[in-house]
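Make the full structure from the sequences, and use the hints.
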Amino acid sequence: MIRDITIGQYVCGNSVLHRLDPRTKILSTVSYIFALFLIDSLWCYVLNFSLILIFYLICGISLKMVLNNVKPILPILILTSIINLCVIRDGEAVFSFWIFSLTDRAIFFTLTIFFRIILLIFSSSLLTYTTLPVDLTRGIEKMIKPLAKIRFPVEEIAMMISIALRFIPTLILEAEKIICAQKSRGFNMETGGFIKRAKCMVPILLPLFVCAFKRADELAVAMESRCYRVGGQRTSYKTLSFKKLDIFFALGFLAVLTMVFMINAFFR
Amino acid sequence: MRPLIDVNGLHFSYLNENFGKEVLNDLNFSIQQGEFIAIVGHNGSGKSTLAKLFNAIFLPTSGTIFVDGIDTLNKELIFEIRKQVGVVFQNPDNQIVATLVEEDVAFAPENLCVSQEKIGKIVDRALEMVDMKKFKKSAVHTLSGGQKQRVAIAGILAMNPKCIVFDESTSMLDPVGRKEVLDVMKKLNRENKTTIINITHHMEEVVFANRVIVMKDGEILKQDTPRNIFSDEDLLKKSGLLAPQVTEFLNTLCGELALKKRTVLDVDECVEVLAEILEGEKIGDS
Amino acid sequence: MAIVELEKVSYAYGKSKAAQDEAISDISFKIEEGEYVGIIGHTGSGKSTLIKHLNCILKPTCGKIYIDGVDVWKNKATVAGNRQNVGLVFQYPEYQLFEETVEKDIAFGPKNLGLSADEVRFRVARAIEMVGLSSSLLGKNPFELSGGEKRRVAIAGILAMDPKILVLDEPTVGLDPAGKEKILNIIKYYNRDENRTVVHVTHSMEDIARYADKILIMNGGKILSFDSVEETFKRASMLRSVGLDVPKIYEVFLKLKDKGFDVPLNVYTIQRALEVVKNIVERKVKP
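Chains S, E and Z, in that order, are what the protein sequence lines are.
Take 1 as the starting number for the first sequence in my numbering and just add one per residue.
Take 1 as the starting number for the second sequence in my numbering and just add one per residue.
Take 1 as the starting number for the third sequence in my numbering and just add one per residue.
Treat the hints with care, since some could be wrong.
[Stated by the list, open to error] In the SDA-like style, the derived pairs of lysine to any residue whose C-alpha atoms are separated by at most 25 Å in a straight line are:
id : chain 1 : residue 1 : chain 2 : residue 2
1  : Z       : 188       : Z       : 63
2  : S       : 214       : Z       : 173
3  : S       : 177       : Z       : 173
4  : Z       : 140       : E       : 265
5  : E       : 136       : S       : 11
6  : Z       : 74        : S       : 263
7  : Z       : 180       : S       : 261
8  : E       : 137       : S       : 257
9  : E       : 216       : Z       : 42
10 : E       : 52        : E       : 115
11 : E       : 216       : E       : 265
12 : E       : 179       : Z       : 239
13 : S       : 183       : Z       : 278
14 : Z       : 111       : S       : 11
15 : E       : 136       : S       : 19
16 : Z       : 234       : Z       : 193
17 : S       : 196       : Z       : 182
18 : Z       : 164       : Z       : 145
19 : Z       : 182       : Z       : 238
20 : S       : 244       : S       : 67
21 : Z       : 59        : Z       : 42
22 : Z       : 30        : Z       : 182
23 : E       : 137       : Z       : 44
24 : Z       : 278       : E       : 252
25 : Z       : 182       : E       : 217
26 : Z       : 74        : S       : 180
27 : S       : 177       : S       : 67
28 : E       : 162       : S       : 223
29 : Z       : 164       : Z       : 184
[Said to hold, decoys possible] Now the in silico label distances, taken between C-beta atoms and shown as ranges:
id : chain 1 : residue 1 : chain 2 : residue 2 : range
30 : S       : 232       : Z       : 139       : 41 to 47 Å
31 : E       : 258       : Z       : 181       : 23 to 29 Å
32 : E       : 193       : Z       : 7         : 33 to 39 Å
33 : Z       : 104       : S       : 43        : 56 to 62 Å
34 : E       : 266       : S       : 202       : 46 to 52 Å
35 : S       : 58        : Z       : 240       : 45 to 51 Å
The hints are simulated quantities; they were obtained by calculation from the structure and are not laboratory data.
Here the structure is a predicted model, which is why all the values come from computation and not from measurement.
Don't be surprised by glycine CBs; every beta carbon is placed ideally from N, CA and C.
See below:
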């Protein structure tokens, strides 16, 4: 079901990860993702994978939640994996059958892509699971603040992100309602080819857009009524501050990543 | 005394859609500080448009609205007006800006550049008034409709307004949620002397008002006490309204039994009058 | 034979822990053909979950559902057949409109049933008449209509599928009194004149008391009571104990009784109340 998708949702808790400053978490996640794309040794992926599993264990979030996020893209992931396996011909054949042959390079490449995507979802989900959307946007806002000097609309961007995050659960519920309503009018979206299926989405997407626009319009009026003005001066209810914990975590995390890169260099 | 809201010769029409068709046509009325007003009328009678004119979201096409002495056309004092007149809208989901209850309540003070330590106090006080303090740290999407609407009210209270307009704020709620919101309205009116303007379809809510404004097709048909409004059957028919069940029952009964007309507003009043009618028959019998 | 029969139906929402999730447990009841059943209960009592089972939007975790004598989850064909038999009008149905004309939107359901073009046209014409809208609206864009009209178009979209059982989830919520009356009259017409079975979910006891034959009360995912309107209101204290309101007029008579007046208690509509009082008055005057 759609409501099982939990991207962008926060899970209440009080673990070390929950208590970290959002900026620490954002920077760690970004560097982790960078690392994912820079390393090319399978051992390092295994290492990175166990690292993220440990994090999930620490903050007590069930893996089932994040697996639900992986599910929707799984078909595409498997399909591309199969294509990769079939198409990549260089390297030594490990296994061959009729006209197909699997090379070690193909297996390696496929596994790398697979790990990268899965870990990308795992790490970014972990960030939103342990960070309140408001903190997340506040963190981003603080980090891109210097850009305000070159007239970059920092506060507006932050406001947009926070509203988008706020409306994710609302819109997911709405989509589900509309699907149910059209189903009960005999609508069937599971049959037919790609184009037919795409066309079939109109009865779902159109009402969803209409509702989203209506919501946006009403929200804009409500915000104006509460004295919001684009580009206006604002104060902040809460401010962020780095604590000792952040320094420990950042140093520790940096050490682990450096280790990963060293292993990567040795085992290639 | 200077009225809190003063509406003079107000006309309004939308510029793009329904061009030329007047949404509001020559409205004249004023509202005093501390009043509890109900505005009723069929869908499309212009009630909700009026709500947005009170706090300068819309501006009059002609005529004027003064809020606490300030003309809503005065662009420089627009925040002053919006601080005085807060609006709670129909759909709780579409007026809550933040994910967390406390963050949402803090939204208006943040916009008004209130200092950090003051905002904390304002948030606590506002949540206290709507009895939602224990949900301070909750995520908004986990709350019930009535609770969300109370958060929305707290968000308005954070501006410390003199007047709160409820624009069909109970229409999407279940009976429990509706009662919660209605109780908050009554409490604010009683304890803080906040002026309440309740735009509604629920006639059970109208009976609490000091004054009812009945609208039809952008015009005011009548303004009077709930009792006088509900006794005017022609008016009810003309404006497409239904009196509360007990009121309608006794109105019809008095008509059919050719008794002097008595307009009641709630169950207890109805019981009293019915008892009198039945009692009277007893005496007449013996 | 009962047209709707539920046998020990239970449903649990996955492993999701969201607060708004309702679940139902061990629900069994029968609805006879042509009955008007009102379902009432708090938000979260399971009523929305329950009605989603009636046209196979949700599959029960355990238990059986028979509609028109057919076990609906037997195979794919029975599920499709069930959607044809049961028309479900969701809350705020106007939000599901999407076609560029009213006509096309009402025709969406019948077309999905695979009917001929002529039949579809006929069904659309009949449906728009049933909901009391002028056929001149057919060529209009549904988004130009008023809120109440939009809702009636959405209901017409369901009626055009000619369901044997019409299920409505709070069809009058958010409308003005006149709009509300119109919707209630459409439902009554479909039940009385077309002789179809109606299941009407609502929070308003006063709406239900007027037209329903039976009332099903849900509480905490279970059936609290399923009985005729009269029997249901006889147990007013039970209704109050789960926080449901009884019609105001019923409360009046309850209080009169407490005051020592000899009045009947089976009064829950204005019509009935008028009869009762006039009766008493006349009886007192005559002898």
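Each hint, compared with the structure:
1. 188(Z) / 63(Z): violated, 31 Å
2. 214(S) / 173(Z): holds, 18 Å
3. 177(S) / 173(Z): holds, 16 Å
4. 140(Z) / 265(E): violated, 42 Å
5. 136(E) / 11(S): holds, 16 Å
6. 74(Z) / 263(S): violated, 57 Å
7. 180(Z) / 261(S): violated, 68 Å
8. 137(E) / 257(S): Status violated; Cα separation ~35 Å.
9. 216(E) / 42(Z): violated, 34 Å
10. 52(E) / 115(E): violated, 28 Å
11. 216(E) / 265(E): holds, 23 Å
12. 179(E) / 239(Z): Within the cut-off at roughly 17 Å; holds.
13. 183(S) / 278(Z): Since the Cα atoms of residue 183(S) and residue 278(Z) sit roughly 51 Å apart, the hinted pair is violated (cutoff 25 Å).
14. 111(Z) / 11(S): This hinted pair is violated, its Cα atoms lying about 44 Å apart.
15. 136(E) / 19(S): holds, 18 Å
16. 234(Z) / 193(Z): Roughly 29 Å separates the two Cα atoms, so the pair is violated.
17. 196(S) / 182(Z): violated, 38 Å
18. 164(Z) / 145(Z): violated, 28 Å
19. 182(Z) / 238(Z): At roughly 31 Å apart (the allowed maximum being 25 Å), residue 238(Z) and residue 182(Z) break the hint.
20. 244(S) / 67(S): violated, 33 Å
21. 59(Z) / 42(Z): Measuring from Cα to Cα gives roughly 22 Å; hence the hint holds.
22. 30(Z) / 182(Z): violated, 29 Å
23. 137(E) / 44(Z): This hinted pair holds, its Cα atoms lying about 23 Å apart.
24. 278(Z) / 252(E): holds, 11 Å
25. 182(Z) / 217(E): holds, 19 Å
26. 74(Z) / 180(S): Measuring from Cα to Cα gives roughly 20 Å; hence the hint holds.
27. 177(S) / 67(S): Given pair residue 177(S), residue 67(S) holds - Cα atoms ~24 Å apart, limit 25 Å.
28. 162(E) / 223(S): OK: residue 162(E) and residue 223(S) at ~19 Å, within 25 Å.
29. 164(Z) / 184(Z): holds, 18 Å
30. 232(S) / 139(Z): 41 to 47 Å: holds, 46 Å
31. 258(E) / 181(Z): 23 to 29 Å: holds, 28 Å
32. 193(E) / 7(Z): 33 to 39 Å: About 59 Å separates the Cβ atoms of residue 193(E) and residue 7(Z), which means 33 to 39 Å is violated.
33. 104(Z) / 43(S): 56 to 62 Å: At roughly 60 Å between Cβ atoms, residue 43(S) and residue 104(Z) fall inside 56 to 62 Å, so the hint holds.
34. 266(E) / 202(S): 46 to 52 Å: Roughly 50 Å apart at Cβ, these two residues keep to the hinted range, so it holds.
35. 58(S) / 240(Z): 45 to 51 Å: holds, 49 Å
Figure legend: structure checked against the earlier numbered hints; hints not met, in rising order: 1, 4, 6, 7, 8, 9, 10, 13, 14, 16, 17, 18, 19, 20, 22 and 32.
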